[in-house]
Amino acid sequence: MRFIHTSDWQLGKPFGRAPEEARAALQEARLGAIDTLARAAQAHDAPLVLVAGDVFDSAEPGDRVYRQALSRMRQAAGVKWVLLPGNHDPLRADGLWTRLKVETPPNVIAAIAAEPIALGEAAVLLPAPLTHKRSLSDPTAWFDAAETPPGALRIGLAHGSVQAFGSDPDTNLLAPDRARRAGLAYLALGDWHGRLRIDERTHYSGTPEPDDFGREATGLALLVDLAGPGAPPQVTDLAIGRHHWIEADWSLSVAADLDALTASLAPGRALQDVVARLHVSGLVSLGDKVAVRRRLEDALAHELRWLDLDLAGLVTRPTDTDLAEIDAFGDLRAAAERLNAMAAEGGSEGRLAAAALERLYVEHHRAQRPGEA
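Add 14 to a position in the sequence shown, counting from 1, and you land on the number used in my numbering.
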């Protein structure tokens, strides 16, 4: 048997910190992952896709997201989808999953009951739908005693943690050896957004479309081959995600240092598909600080999908040339020197003075070049 294991689509995720245009693109990419998964299933002759929870980001994803998801799955010729309620979209009476149960296309199964689901004649799925956002009991406990036909492949589908990943270490915990206890050929898990192998038969697929910084091995789904109940599963990573999330610390001494750093930011990737968080630090001249800011905010930020830029660590040490460019001898020069002295004293007033000096430098240059943005 061959199938694809995916999870944590979180359709409708708001991406609240992103600018509006980037937010819309990131949300659309999550819906687009359904199409990519469908193509992967067709290309690899894997007609079954198991979604291990958090199909939607909330129990009320909105009609557009809901309809788009069902429409895209419906159009996937020859692909069957099994959807499991997770902690973001738990099973509630008269809620999202009640609607889904009624409106799902023929090729979509809403696994809303803790009972076996026949997958043809050779395999049985044991789902563990979450009925609450937080649960103190192990939703996979019933797998151990579940009755299935002799010789059938037993496949588990669950959402939760086999160890404490987040701030609620005692909720939605799963037995790490559930596959062994329940005689499972494979246990498909969701909740952890990075790809993670727990043991030979227990895997997290991670989210198919990356959604945050600092996560390893995201943007994947797993192609699973099962030769038989006793045979170890063959698990292959499939690249699904469109966007690439990068967090980096850049240290500069001059503005020209940006050349090599920007060139190495995302080699081989289209910049419009990159989300970057950059922490820039160093001690540079005032002119270089302004040049760095312009290059990152006015150029690179418009090439990337979204640039989350932190320049707090980039400190200026104005040179005589910097001050002379503001004013060689007059009142502006005196003001610039005063601001420079205040900035050198540090503290909150020093930071304000440094920002004011930088602003003075920029505005003076604009005044000298009327057409400059």
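Worth flagging that the hints you see were computed from the coordinates, not collected in a lab. Check each hint, because a few of them may be wrong.
Each computed DMTMM-like pair below joins lysine to aspartate or glutamate, with the alpha-carbon atoms no more than 20 Å apart [unchecked claim]: (1) LYS94 to GLU34; (2) LYS94 to ASP49; (3) LYS94 to ASP152; (4) LYS115 to GLU74; (5) LYS94 to ASP239; (6) LYS94 to GLU129; (7) LYS115 to ASP59; (8) LYS147 to GLU74; (9) LYS94 to GLU117; (10) LYS115 to GLU129; (11) LYS147 to GLU117.
Taking CB as the label site, the calculated pair distances span [what the hints assert, rightly or not]: (12) SER267 to ALA313: 19 to 27 Å; (13) ARG81 to ILE131: 19 to 27 Å; (14) ASP158 to THR250: 26 to 34 Å; (15) GLU214 to ASP59: 40 to 48 Å; (16) ALA315 to GLU74: 42 to 50 Å.
All C-beta atoms, glycine included, are put in the ideal place defined by N, C-alpha and C.
Identify every previously stated hint that the structure contradicts and give their numbers, smallest first.
When the structure is compared with the hints, numbers 1, 3, 7, 11, 15, 16 turn out to be violated.
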